[in-house]
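Let chain A serve as the given structure and place chain B on it in line with the hints.
Single-letter residue listing:
There are 2 protein chains.
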Amino acid sequence: MDNRPIGVFDSGLGGLTAVKKLSQLLPGEDIVYFGDTGRVPYGSRSRETIIKYTRQDIAFLCSFNIKAVIAACGTVSTTSLDDVAGDFPIPCFGVARAAAVKAASVTKNGKIGLIGTTASIKSGKYEELIHACDPKAEVVGRACPLFVPLVENGRIHKGDAVIETVAREYLLPLREAGVDTLILGCTHYPIIAGIIGEIMGCGVTLVDPGAECAQFLAQRLAESDGLSEKNAGGRCAYYVSDSTEGFSRLASLFLDSDLAGDVKQVSLDTF
Amino acid sequence: MDNRPIGVFDSGLGGLTAVKKLSQLLPGEDIVYFGDTGRVPYGSRSRETIIKYTRQDIAFLCSFNIKAVIAACGTVSTTSLDDVAGDFPIPCFGVARAAAVKAASVTKNGKIGLIGTTASIKSGKYEELIHACDPKAEVVGRACPLFVPLVENGRIHKGDAVIETVAREYLLPLREAGVDTLILGCTHYPIIAGIIGEIMGCGVTLVDPGAECAQFLAQRLAESDGLSEKNAGGRCAYYVSDSTEGFSRLASLFLDSDLAGDVKQVSLDTF
Numbered sequence: 001m002d003n004r005p006i007g008v009f010d011s012g013l014g015g016l017t018a019v020k021k022l023s024q025l026l027p028g029e030d031i032v033y034f035g036d037t038g039r040v041p042y043g044s045r046s047r048e049t050i051i052k053y054t055r056q057d058i059a060f061l062c063s064f065n066i067k068a069v070i071a072a073c074g075t076v077s078t079t080s081l082d083d084v085a086g087d088f089p090i091p092c093f094g095v096a097r098a099a100a101v102k103a104a105s106v107t108k109n110g111k112i113g114l115i116g117t118t119a120s121i122k123s124g125k126y127e128e129l130i131h132a133c134d135p136k137a138e139v140v141g142r143a144c145p146l147f148v149p150l151v152e153n154g155r156i157h158k159g160d161a162v163i164e165t166v167a168r169e170y171l172l173p174l175r176e177a178g179v180d181t182l183i184l185g186c187t188h189y190p191i192i193a194g195i196i197g198e199i200m201g202c203g204v205t206l207v208d209p210g211a212e213c214a215q216f217l218a219q220r221l222a223e224s225d226g227l228s229e230k231n232a233g234g235r236c237a238y239y240v241s242d243s244t245e246g247f248s249r250l251a252s253l254f255l256d257s258d259l260a261g262d263v264k265q266v267s268l269d270t271f
Numbered sequence: 001m002d003n004r005p006i007g008v009f010d011s012g013l014g015g016l017t018a019v020k021k022l023s024q025l026l027p028g029e030d031i032v033y034f035g036d037t038g039r040v041p042y043g044s045r046s047r048e049t050i051i052k053y054t055r056q057d058i059a060f061l062c063s064f065n066i067k068a069v070i071a072a073c074g075t076v077s078t079t080s081l082d083d084v085a086g087d088f089p090i091p092c093f094g095v096a097r098a099a100a101v102k103a104a105s106v107t108k109n110g111k112i113g114l115i116g117t118t119a120s121i122k123s124g125k126y127e128e129l130i131h132a133c134d135p136k137a138e139v140v141g142r143a144c145p146l147f148v149p150l151v152e153n154g155r156i157h158k159g160d161a162v163i164e165t166v167a168r169e170y171l172l173p174l175r176e177a178g179v180d181t182l183i184l185g186c187t188h189y190p191i192i193a194g195i196i197g198e199i200m201g202c203g204v205t206l207v208d209p210g211a212e213c214a215q216f217l218a219q220r221l222a223e224s225d226g227l228s229e230k231n232a233g234g235r236c237a238y239y240v241s242d243s244t245e246g247f248s249r250l251a252s253l254f255l256d257s258d259l260a261g262d263v264k265q266v267s268l269d270t271f
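Just so you know, the sequences run in chain order A and B. For the first sequence, the tail end lands on 271 under this note's numbering, and the numbers increase by one without skipping. For the second sequence, the tail end lands on 271 under this note's numbering, and the numbers increase by one without skipping.
Among the clues, some could well be false.
Remember, identical chains collapse to one label, so a pair may be satisfied in a single copy or spanning two.
[Stated by the list, open to error] Here are the simulated PhoX-like cross-link-like pairs (lysine-lysine), alpha carbons at most 25 Å apart as the crow flies: (1) Lys122 x Lys52; (2) Lys136 x Lys20; (3) Lys122 x Lys264; (4) Lys52 x Lys264; (5) Lys111 x Lys21; (6) Lys230 x Lys108; (7) Lys21 x Lys230; (8) Lys136 x Lys122; (9) Lys158 x Lys136; (10) Lys136 x Lys108; (11) Lys67 x Lys111; (12) Lys122 x Lys21; (13) Lys21 x Lys67.
Source of the hints: derived by calculation from the structure; they are not laboratory data. Nothing here was measured: the structure is a model prediction, and the numbers come from that model.
Looking at chain A on its own, in the form it has when it is part of the complex (with noise of 0.2 Å):
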């Protein structure tokens, strides 16, 4: 048994569809959130920046006596993650190995495509843990920087003209390359899952790499003898870097309930 709480963060409010999976899987874990909301987008800056801003993120999480974290940014768990994870005394989960394993097990062509951020992508990182599942498969990835923007400004419906072009634009590619599995890279692409599956088509298989991280980390508290030993009533602190104005519109885009648990500001420098 372990009564720590698990620490989750995201450049920003993304990062909230692993705690929802992980409330789901887990009801009586505690969880300490962190959304880095005063310096979020991660995806377009530097590898250095991105190992900087890790460093800081985590070792704001471990000073509430977490016993794991999850790394749910597909940019830190692509292109930062192995850098600074071995300079903490807890294990660290990134949503790509998840994600990795998970496309590996489904794909059944051996082709396997990956969208993400610019840093993502480049990082070379999926390739690297599909290949280390199964050395033959094929991935071809296709990074999608518009996809954060419109997201958080709405663009999420069906028909919207501009979210639509710029996904065929994308997506078409992919779907050429005749990919069986896709790897949604981001955590602010299952939002438009259902656009992102239209394009692709239904022989398509859609990878959720934050729902995946959140089982696969349930899976080893499981075998660790891990778990926390209440059954249910976890409860949730967010902080954000941000201001809080503005945190509940943008967290119910990626939580379908109201928040359960209270919301505070932090500054990172001193971490």
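Leaving out everything else, chain B in the frame of chain A:
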């Protein structure tokens, strides 16, 4: 005579348009530019966070013994500059004031359109500045949050369905309101002035705040004997908070010529 350099800063690289104009008007002046590329964009963040970042940006530039600073960022000049400027021993010029004066002087029907970031429109600062010049002027504002990511992703060409659709959506209500003058209240917007001008129609005058502010500062320095002794050969030094990699590519969007000066990365954590 005052041979100290002029400081110019922006949340990112858009403020280079002000540098370009300043170098044309005052080719003998040394300039120190800071672009906060590690924390861009500012326009979607809270006022409190923008104030904090602005204070750090100016404190950093003051370490170069500058004689004046231009806040080339539309968001800073509307949202945080008034709160911060008094803390520093040098004059601080925001692009909004010069643009408001210009717009009030060129409008014939007293209807002025304004486009900017969400923070800029929310601030009400342009209305205040314009009404100080002409209390009867009508200001019609519209936040255009997708323009910055679209420009940064190269969607700047006429005929591009995405930028054309978004621009029409943002601008047609301003055109229908009958404005005869439009303030391009963010440093990225002059890049798509062609598209904006076509939608607004040829009877609408576009005002570029960066260029207006450079002109205003040049006049002020000339009147107060604050110009450099040199008439040519001014040097530019560029600083950014993210990696310098990729700086040239994005900088070339805003500067037609090659960069005449070094680019260095700097951390503002201690400012």
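Okay, the hints, checked on the actual structure:
1. For a Cα distance limit of 25 Å, the shortest separation of Lys122 from Lys52 inside one copy, 18 Å, qualifies, whereas the shortest one across copies, 32 Å, does not.
2. Proximity of Lys136 and Lys20 under a CA criterion of 25 Å is satisfied in neither setting, with 34 Å inside one chain copy and 52 Å between copies.
3. Taking identical chains as interchangeable, the C-alpha atoms of Lys122 and Lys264 lie at most 25 Å apart only when they sit on different chains, with a minimum of 23 Å there against 34 Å within one chain.
4. In this assembly of identical chains, the alpha carbons of Lys52 and Lys264 lie at most 25 Å apart whether taken from the same copy (22 Å) or from different copies (17 Å).
5. Within a single copy, Lys111 and Lys21 get their C-alpha atoms no closer than 27 Å, and across copies no closer than 51 Å, so neither meets the 25 Å cut-off.
6. Taking the shortest alpha-carbon separations for Lys230 and Lys108, neither the intra-copy value of 40 Å nor the inter-copy value of 70 Å comes in at or below 25 Å.
7. Taking the shortest alpha-carbon separations for Lys21 and Lys230, only the intra-copy value of 17 Å comes in at or below 25 Å, while the best inter-copy value is 64 Å.
8. In the homo-oligomer, the alpha carbons of Lys136 and Lys122 lie at most 25 Å apart inside one protomer (20 Å), although the nearest pairing across protomers, at 53 Å, exceeds that limit.
9. For the homomeric pair Lys158 and Lys136, neither the shortest alpha-carbon distance inside one copy (36 Å) nor that between copies (43 Å) is at most 25 Å.
10. Proximity of Lys136 to Lys108 under the C-alpha cut-off of 25 Å is restricted to the intra-copy arrangement: shortest distance 12 Å within a copy versus 69 Å between copies.
11. Proximity of Lys67 to Lys111 under the C-alpha cut-off of 25 Å is found in neither arrangement, the shortest distances being 36 Å within a copy and 60 Å between copies.
12. With identical chains, the CA atoms of Lys122 and Lys21 are never at most 25 Å apart, being 28 Å at best within one copy and 35 Å at best between copies.
13. In this assembly of identical chains, the alpha carbons of Lys21 and Lys67 lie at most 25 Å apart only when taken from the same copy (18 Å versus 55 Å across copies).
The structure does not agree with the numbered hints 2, 5, 6, 9, 11, 12 stated previously, though it agrees with the rest.
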